[in-house]
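Colleague: One letter stands for each residue in the lines below.
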Amino acid sequence: MSMTTLVDVSLSDGQTAAWGGAASTAMMLGTMNALGQARLAAIEVLSPAVIAQCISRDENPLQRVAAFRERANGTPLRATVNLLPAHGHLDVLAGEALDTWLRLLAKAGISEVVLIDPLLDLSRLGNAVQKAQANGLTAIAALPYVDDPEHCDAYYSACAARLVLTGAQRIMLRDEAGLLHVDRLPGLLSALRSGVDGKPLDLHTRCHTGLGPQVALEAIRLGIDRLDAALPTVANGASTPSLALLIRSAALLELPLQNPDQDRIKEAQAQLAAVADQEGFTESQPWAFDLAPYEHQLPGEIAAEAMQALRLRGRLADLFEFSHECTRIRQELGHPPMLPPFAQAIARQALEHLDAAPRFATLQPALRRWLQGCYGPVDTSLLRLQQRIGAIANPGHPVSLPATEEALAAIVSGCRALPPLQKLHYEVRTPEQALTHGLLQRWPDYTVLSVTGPGLSIHLEHSKG
Amino acid sequence: MLNQLREKVNAEFARTGKRRRIQLVDATLRDAHQCLWATRMRTEHMLPMVERLDALGFDVIEGIALVQFDASVLFLNQSPLERLRLLSERVRHTPLRGVVRSNMLRSFFPEPDDLSELYVERLVANGARDIGFLDSLHCWDNLVPAISTAKRLGATTTLAMIYNLAPGYDAPFYAAKAREAIERFDIDAFTFGDAGGSMTVEQVRSIVPAIKAVIGDRPLEIITHCLNATGSLVALEAAVHGADRLLCSIDPLANGNAGPSAQMLARNLREIGFEVSFDDRAADEIGDYLAGVAEENGFPVGVPAEYDPAHFVTQYAGGAMSNLQSQLQLAGIADKLPVVLEEIGRIRVELGSPVMATPFPAMIAAQAVMNVLSGERYKVVPDEVKKYVCGYFGALPLPVDPDIKDRVLANGSREIAITPPVLAPRVPELRRRYPGLSDDELLLRAMYGDEKITGLVPTVVDDTFSVRRPLHELIAGLAKLPEQRHVHIAMAGFELRTR
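Each protein sequence line maps, in turn, to chains A and B. For what it's worth, the numbering used here labels the leading residue of the first sequence as 419, then goes sequentially. For what it's worth, the numbering used here labels the leading residue of the second sequence as 6, then goes sequentially.
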């Protein structure tokens, strides 16, 4: 049996799920230095969420890739590309815009792309695969996992077979809402194996129910080719299973896992934990088991945001009411997939309804575009709402795109112009440096500042003059 | 998964024509703080919330067990029987449970029958209406005096069987043990418990129906712990497969080393089609109170655990884990925890795979710590380990490794006879020694000695449902004052200046 290899997603999905994507490029350089030496199968460094976070911080996402490539020590760098962007500048990423973006990714240092089409439009995916390969990238076709009676093993087997026909080099089962469980896995993976016809099969799962690590270990036992995982500080919860846990447990259970360099993994974890400590980022915690994710099926950080929103409202007891509202909205809309660009919009819409606003008094932009047919014909029961928002003349008509590579990259990234390159510098402070820094920050507001501790006495007092 | 569970519950509904009601049993006052706070919840912490707890809809509230007796007397200087009485005065609707640990009282030494009987009498006299019985070897002979006394006094009898990941501990074993208990004692209800968080869904699916087939309409209660991320799912699966009651506690005193959250179980059980009588929002209010008590006292709240297959090796109980961590920390060897846990797994197998429930986790942990610290395995042998090997606690589940048995017998205390002695009654002698003392005090003095019991401090009864943090509130209030830079507050023993 072949060995399972690990892909690190700490710098993309991990920090997005755990920290809302607050880790800047500079903060991640030390971690990347260690990860690059860890003999991982790949390191994921870019995703649509990471791009949006970079733009919001005025960081250039391609600079992030280039900076990480310098530290990757030859480890393949991976990016995920969603063919239906969530930022609203484009409805569908295809044609020249996609080609340009893939070319820029390859130029910056990406060697693998996970191509996600939430609607599983095979023609669109096939074109994307061809463009990726034409730009020298390994194309990984994503197969989103949905937990409902309609999506049986035979469905997944057939989908996998069709994805192979697109020419993708690898197929990835993406369980973005952490819904897989060990009862389901053997039959499902067996069905997928029969569909992929010898192509490598990868798994990306999350830990919303706390069962993600168990699923990942079972997947290794069943011979999955690659698994996504994250450093412990940003693993579990809405993120992926922990690298450290998988390595330790696979050894204990004698599972066929090709181990990365554990010292480097520990070093990367220490670097990331130090950044978390310095920046006040909370270490990711596992979530308690709950069946609600099977009802709302919200992916990764979107589920984390929704849980936080319910907590802030003091309405965790209404978790199922919220989840049922998500389901109801999806049914009324005609079943948009629970992935970006639709998942966050559905969650926000459900929260509005939970807050006792009249249903659909307002409508999230992505759902409006869905109802207007921008992603294809819809079979909705919300006919009055559809009438209210009006139609778009040519929903399938491509938007006019700028001619230059830079402007195209900006559009794909969801902004007018890509931010300029910055000087990247980050220093993890010692406790003494952090204390001094904190005192000096507070100093102008106080007349006297005094700190004492074992072997330590600092006294600051403004001079009388 | 949600759909499959719903389908199973709906199929049962279609078959029987009625929705089954799942009862919740509260462990907040007993197992939850044993697992998370090293059993340090004080009576004063309990009283303000207990009437609300009584009104939530629980079918049983666990009040006290011997671990709480020990912690209450030895660490908190409080009378456990006073606690039970104060609780029972406030828990007027829900049966309050007291738990019996085999034929033991303080420590792990078997006591004579008359003392076991007195213990049960005092639990009932102080308000326990449901008596739980635990013998981790499943040696029911050890429980005869306690069960007979509870039956005589009209208490509900609930007998625990403990899950064990070891050969021979399968569905037929537990079914046979349940049948034996019904035939011998006409036990009212059964508990099937997983102390180490190592029971899997597959095992629940076979063991729970097997026990239910034997016990019929008698309630079957399930105890799980969440050390391994799957405890809550296992509890839900147990309900789907026939269990009637689930032990749980109020979040945030749930998860991690403790059991599932009551709030989570209530909403999930309803969601898959069961009837549950539980006031979720009132439970959240108690949860806020518990979070306040935790913050005020520097206690941790329950943090959900990461799934870790290592638990299938150690099977270490939640409460024992919390105590072990605390003890290693006190001894300055907290860093040895991984080595000690590995040693626990090894010793357990060598000693014949006893169930990892009280008192055996503590006993094996003591041996593990000594093996790690002394550098030579079984060079130092705790008395309890030698007694266990010699059969003082009852018939052993599986034989002890012969080499290990030789080492234990050779290095254990010579004062421990290889053949267990017959235990003479103690109560007559105690009554002669303490004429005129109440039976409560007599029992406590027998268990803990005069010095500890004389030093117990009566509980200051205050039922106010709030966590008072006056200093915290004062400083938070001052921080909200705009532009108020100079404040000086002085009172006896306290002075505060801001500038």
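Simulated from the structure, these hints should not be mistaken for laboratory data. Any given hint might turn out to be false.
[As the list claims (entries may be wrong)] Covered stretches of chain B, going by a simulated chain A footprint (3 or more residues, C-beta under 8 Å):
(1) 33-44
(2) 285-294
(3) 305-312
All figures in this text were calculated on a predicted structure; none of them were measured in a lab. Idealized CB from N, CA, C, for every residue including glycine.
Colleague: Each hint needs a verdict: does it hold in this structure or not?
Modeller: These are the hints, each one checked on the structure:
1. 33-44: That given contact is violated, which follows from only 0 residues of the region 33-44 of chain B lying within Cβ reach (below 8 Å) of chain A.
2. 285-294: holds (count 3)
3. 305-312: It holds, with 5 qualifying residues against the three required.
Checked against the numbered hints listed earlier, the structure breaks hint 1 alone; every other hint is satisfied.
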